[in-house]
Structures are given as structure tokens and as C-alpha cells.
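Chemist: The listed protein sequences correspond, in order, to chains A and B.
The opening residue of the first sequence carries number 1 in this note's numbering; numbering runs sequentially from there.
The opening residue of the second sequence carries number 1 in this note's numbering; numbering runs sequentially from there.
Keep in mind that the hints were calculated from the coordinates and are not lab data.
One thing to keep in mind: the hints can contain errors.
To be verified - Quick look at which bits of chain B chain A covers, simulated, 3 or more residues with Cβ under 8 Å:
hint: 1; region: 63 to 71
hint: 2; region: 151 to 165
hint: 3; region: 529 to 542
Unchecked claim - Here are a few chain B residues that sit away from chain A, every Cβ distance over 10 Å (derived from the structure):
hint: 4; residue: G46
hint: 5; residue: P47
hint: 6; residue: Q74
hint: 7; residue: L75
hint: 8; residue: W189
hint: 9; residue: I253
hint: 10; residue: N292
hint: 11; residue: T300
hint: 12; residue: N312
hint: 13; residue: S361
hint: 14; residue: L401
hint: 15; residue: L411
All figures in this text were calculated on a predicted structure; none of them were measured in a lab.
Backbone N, C-alpha and C define an ideal beta-carbon position, used for all residues, glycine too.
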Amino acid sequence: MAQDIVIQTRNLTKIYRDFWGRKKVKALNSLSMEVKKGEVFGLLGPNGSGKTTTLKLLLGLLFPTEGEVTILGKPATDVTKNEHIGYLPEESYLYRFLNAEETLDFYGKLFDIPANVRRDRAKKLIERVGLTKARRRQLKEYSKGMTRRIGLAQALINEPDLILLDEPTSGLDPIGSRDMKDLIVELKKEGKTVVMCSHLLADVQDVCDRIAILEGGELKVFGKVQELLKDTGVTQIKTSRLTDAAVKDVRDVLARHGAQVMEVDHPTANLEELFIKTVRDSAAHPGQRFVPSDKS
Amino acid sequence: MRLSFDPVAFDLVQGLATWLGVMVVLSIVAFITSLLISLATSGFSGPPQVVMHLFQAFIDLIGTSPRRCWAMTQLTFREAMRKKTMAVFALFALLFLFAGWFMSDVTADADLQVKTYVSFVLRAVSWLIPMMALLLSCWGLPEDIKARSLHTVVTKPVRRHEIVIGRVMGYIGISSLVLGVVSVVGWFWISRQLPDTMQKQMTARVPHYGSLSFISSEGKEEAQGINTGDENMYRSFIEGNTKARAIWTFTNIDPGKFSAAHPFVLESSFDAFRTYKGKIDRQLLCQYTLVNPKKNIRVTLNAFEINEYRRNTYDVVEKNPSLEDNETHKAVELKDLLADGELRVEAACRSSSQFLGMAKSDLFIRMPDRSFASSYFKCILNIFLMMVMVVVLGVAAGCFLKGPVATILSLVINGVGFFAYTFVHSLVTGEVDYHNPNVKFQGAGPFGALYRIVTHTTPGIAFEDTMFFKVINKLDEASLNVLWAVSKVFPNLEAFDTTEYTANAFDVPWDAGILPCLATTVGYCIPWLLVGYFSLSLRELESK
Ligand SMILES: Nc1ncnc2c1ncn2[C@@H]1O[C@H](COP(=O)(O)OP(=O)(O)O)[C@@H](O)[C@H]1O
Ligand SMILES: [Mg+2]
């Protein structure tokens, strides 16, 4: 196998059975794919399409009905592979009676990390996920988003080379999910491999290099995001604001080249950007309020 | 203040041999079963996978990291502390102990009062603590799996057996904490409860036992004395003023242990059986003869009145200012009698037509006492060992069962082991009378019993020596062997109750009271830990 392939699956199939061994659901059907070192890989699909099942198979939490997994050059059931893997489960399945510091310390110990390194890393990670103020509170008092953040910190405690994120932005506020996306990009810059699954297309589009789309347990699309989305039949031009006359001139020029103008408009900022700008500004100018009047 | 049983020294070698035998048979059965299952489920690639798993288990074991185990232990401990389960239990246990306030009975004799208090406290602790350990340990892992918090844990490089070990250690830690608190409180409570005059009853006698044989009224040697009608015949009787004797042979006596401070004392507690009322204010008379068999010295001592149902301490030197040999009438020193480390004590009844009943442990040489605390805390040690077994079984059951089911399984296994081990043992060994292991009869197995039910024959009628009955006997033997192996699932928790020693002011002997419990604990825990490890590593952690 090539050096730069981190994950490879071959005909991966998972059938959930009930207690008596009767077939219940075919959650994954003959999935073959690979993830390359250093990329951000997105696993997309509607609810129940088998994304979580795939991640669990990769981690050896579930045993495949058929097919095999090689992850970091080892079979999925080999625990030693976990040394270099960070995993953020779909919901943060953590111990609710521990506080943030204890949580990170506990997982750090499971990696056999010495005490002083553990303490250092825990402190930095708690800062990075923005939980410094709440670090001594038990997780049962945390909101969903805060739990998500500590879940992420826990996934990074061993400075993993491969990070598996299951719906990383679910439950996060827009700032949180922007932070999460920034973090993913950062991790990529550090040369780490990230596999994330999500049904939020915007998230995936923003950060992923390559994607796979699953539907009903079957792989439907697989490839580079840029290539998959590039619509070669359309050209887009962005300029500073044009006067009506200038627009008319441009139309004429385009008409001469035989091009058909499909749309001329002022772009609307997306809501995410507005939200983030508002929240960040309100921190800078407390007490200000912006309410657009109905007339405009 | 006497025991209702003979302390039997534990035979470590024999125990180890039996254990190894059972383990080998079990592993072979398990191995073959898993090979067959793997063959049925995954075809010819199955058996190599089984071997791979075994190999992997070995690798896992070698790679055990104390830090990871400790992390799991700490987690378990914290969980129990933060969820306050054990606080509730500790409180409950303490309250229970104080229920004993209402037990005091000023009229009772000192030794009986000590007995009441000590047995109450120890029994209460030996019930409550294992019960707490059982509930804690049966729920921990299943809950962890159900809440999927274990998902996050197993995606770290932690080995499955480290999870099992961590859980076990954590529950042992937390239960020990509670046990420690409760037992220390109990100890103070006992000593506060007793008035100063009774304090000296709180002691730990160290008996040196001998072997017992009898001489009948006609002067013949016998293994047993006379049965006065007790069907369970633990004690047998000798008749007064006949040739009947009960003879104890003591070996390995260390004469250096006795001095003015620790006189040579024979302590006894015999039963009396009267054929007529006699003088109502007079007790039966008993007389000892001390014999040094090697030097052929015989010294008959002064007779004494026995105190029925009480301890009779007989200080040889005090009661017999001078000793002389029965035949030569030469003066004899106690030292001479004990010099070879071997001594025979012949007890005779000196009341005509009355009977004295005796069992092996009814007469002993009393060695210097140990402290009551040592005896008390040895009982606590055994309760601790019992708790360890309960925890291991609970955690192992939680590895493959859900909380409620694991609890029921643990309750059944420990319950049978605690209350009915002897009974089950007698069933699977085909003994009719489980008080008396020597009585065996034909047709005690399932097939013989079925035959007797169908044909309405009573167990008293022996089977004829025909082919049919031979087959039945063989089938019984085979099925009893299988049942015997299966019955080893039940731990012998009856042996862990050494309260009777402490309550009766005896020291808990190492060879009969502690070693068997230690050996049982180790022997019982190892296979269950393996069961726990394998079921946790072979299962998907998806809760269904
Ligand atoms: N433990 C389980 N038992 C039975 N069916 C399951 C189990 N987990 C998931 N499934 C089924 O498998 C399919 C895929 O689930 P999942 O991988 O969780 O989807 P996704 O993460 O893409 O939303 C679904 O139909 C789901 O109902
Ligand atoms: Mg999912």
C-alpha cells in the first residue's frame, strides 16, 4: 500500500442484527474508499445513511459483516493504532461526573502520557476550545455546545495524526462552528489528516478537500470537492459596485461574444457572516443595537 | 463458647491440583466450543481467528500499563464517590450496627454477651459489604456501555483487560474503604458496649488440637464412642466408671511456650448425657490421664466437675501440686511429659452410668492467647476476600450482561455459595446426608433417582448387580462428575464465615480459617477475570 494512504476500506459491509441474529438493517453496503495523508475528507449523507457506522467500523467499535479496514497500516481491531487517532463521537460520550480538567487528565492517562505533559496539554486545549472559565465544573452542568467542545479537546489530547470527527459542528453556535472549521483548517496545516462526517453541506464545502456521499449505505459520489462542484458551463465575474450604465456596457460586450447573461445582482452576505460580525462587534461596542427599519 | 465444627486444615497442594484439573478441563471445553462456533459462523477462516485472538490476548497481557489500569481504577472510584452510592451504604451500615444498642442483656454471662455482640457486628458487616460490592460492580460496566461513555474510552489505546482490572480494583478500593470504616466503628462499639469486667473475655484463644480416638466400655479400641440418639452425631459418648476412654493424641507441642505466666492448660467443653438425675447440685466428674507414650509415663490427674455448656479450663500444675507416675510412683515434672512434643490425654467419666460426650475440638491445649483485635480483623480480612470475589464476579458478569441480569446472576451464584454450598456439594457428590460425608448410597444421581421415582423404590433398597443397574450407575457417575464440575461455579462462601471463631473467643487459625479463603479467592477470580476479558473484547460495544 502506498505510504500516503491513511485509511483504506475494501467492500466494507455492515448488517445490524438483533439479539437472535436476525437481520435488521443493512447500514453499509460494500464501501471501498481510501483517505490520503494530510487531507480533510468529508463523509456526507442524509440521516441514517451509514456515516457513523463507517466511522465506528474504522475504529473497530463495530466488527464488519464483510470486507476489511486498514487504518494507519493496521487492522481496525488493533488497539495500538489508537495511539495516533483522535475521535470525536457523534454525541460526546463522556463521564458526566468529571470536570473538564479531570476529563482530559483521564484520557491523557489512557495514552500513557506523563503527568506534566498531560497537565500542560490539558491547559492549552481547554483554552483552545474556550472552556477556561468552566474547567472546574462537572460535565453534567455543561450545555450541549460546551460538551461538544470538551469532546473535541479530548480528541486532541494525544496530538493525533488522524482525527475522526462525527458531526463536529452539531450543537455548536455559529461562532463555535466557525471555530471548529478554523481548527480543522489549522490541523490540516499542521499536516494532520481529518475525516469528518456531516449532513451540513456548508461545513463540508468550506473545509473538505475530498468527499464521499453516502445514501442508504451506498457510496454515490467520491472525489475532490473543487472538481465535483466546478460548473464549467458558467463563468462568474466579481467586481466593485458598477453604475447602471456600466452594467449596460458590460452586457453589450458580453452579447458581442455571444455569452448569455444569467444573473446580475448585489450579493447578499450570508447569515453566518452577519451573525459572527454582530456577535464580535457587540463584544467591542456593548449596548449598541442595530434594527433595520421596515421602510428601507 | 465452643465450635460446632472441627477446624480442618486446608490442603493447599490438593486444592491446587483440583483447581488445575478444573481449569484444564474448562479451558479445553471453552477452546473446542469457540472453535466450533467460529467454524459455524465464519467458516474455515474462523478457527485461525480464534487462535489469533488467544495470541492477541497474550500480547495484551504483556503490554499491560499500570498507568492505564490506575486511570480506570481512579475513574471507578470517583464515579462511586461522586454518585454517592457508597455514602448511602456506609450510612446504612453504620445505622444497622447501632441497632445493636437494643441487644444488651445485663443478666447474661460475660462470654455469651461478647459472643452476641461480636457475631452481630461481624454478621452484619459480612452481609452488608458484599451486598454493596455486588450492586456497585454489577451496574458499573453495563451502565458505561449503555451511556456509551465506554465508546470514547476504547478508542484510546486502553486494552480491554485493563478496563476489567481497573473496574475491579476501583470497586475493591471503594468497598474496602467502607469496610474499613464500618469494621473499625464496629470494633469500638463492641469494646465500648462491654463493661470493664467483661473486657477480659475479649480474647483470642489459640487451641492446639489433637486427634481423637476411643476405647469402648469393654476396653476395645474404637473410632467412635457411643451414640446416645443424636442422628447427626457430632459428639460421641463414653460411659462413666467403665473402661471407656476418649483419647486425644497431641503432637508438635512446643514445651518452651509454657511458663508461670502461660501455664499448661487443658481446655474442654464436654456434653453430659444423664441416664438418671443424680445429685442435682453436683455436675458430672471427669478425669484426665496424661501419657508420654515414648517414655511410657502415665500420670492420672485429679478429677474435676465439668461445667456443662461452658469452658472448663484445667491448669494442670495448679490443680495438681505434685505429679507422680501411676506405676513407679516416682515424681514427674510436666516438662518430662511434654519433652518429646507428643502427649496423650485420656479422658474418663467418673460418674457411674452417666455419659460424657466429646468431639475432636472439645479438648485442646490452650496456647498463649492472641489479642482479640487480631482475631476480629482476621474475620474482616475474610469478609474482604469474600467482597473481592463478589466484585470480580459482578464485573465479569457486567462484561456480557446488562445491569439487572448481571445482578440477578451474581445474587444467585453468591447466594448459593453463601447459604447452600454444602448442600449443593452433597447433591453433586451423591451424598445423602450432607452432615456426614461418609454416607453414600446407590442411585443418588439423576438416573438412579429417576428409576427410584418411577418404580417407587426407597433409597434403602440396594440396586441388584445386573447389567441394567450397572449402566444406571455408570450414567449416574458420569452425570455427577459433570454436575460436580458445574457446581464449581458456586464459590464456597460458607468457608469465609469465620465469625464463629472470633465470637467464641478463638483465634482464627491460619490453616483452617484464612488459607482456604485466600486460595479460594485466587482460584475463583482468575477464571472469572478471563471470562470478563474475553467477553469484553469479543463483543461490539453497541448497546442493543
Ligand atoms: N446499533 C444499531 N442497531 C441497529 N441499527 C442501527 C444501529 N446503529 C445504527 N443503525 C442503523 O444503521 C443505519 C445507519 O446509521 P448511522 O450510521 O448512524 O447513520 P448516520 O450516522 O449516517 O446518520 C440507520 O438505518 C440506523 O438505524
Ligand atoms: Mg451519525
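Chemist: Give a verdict on every hint.
Modeler: Here's how the hints hold up against the structure:
no. : hint       : in the structure
1   : 63 to 71   : holds (count 5)
2   : 151 to 165 : holds (count 9)
3   : 529 to 542 : holds (count 3)
4   : G46        : 13 Å, holds
5   : P47        : 17 Å, holds
6   : Q74        : 8 Å, violated
7   : L75        : 6 Å, violated
8   : W189       : 33 Å, holds
9   : I253       : 56 Å, holds
10  : N292       : 66 Å, holds
11  : T300       : 73 Å, holds
12  : N312       : 59 Å, holds
13  : S361       : 51 Å, holds
14  : L401       : 12 Å, holds
15  : L411       : 23 Å, holds
Hint check: violations occur at hints 6, 7; the rest are consistent with the structure.
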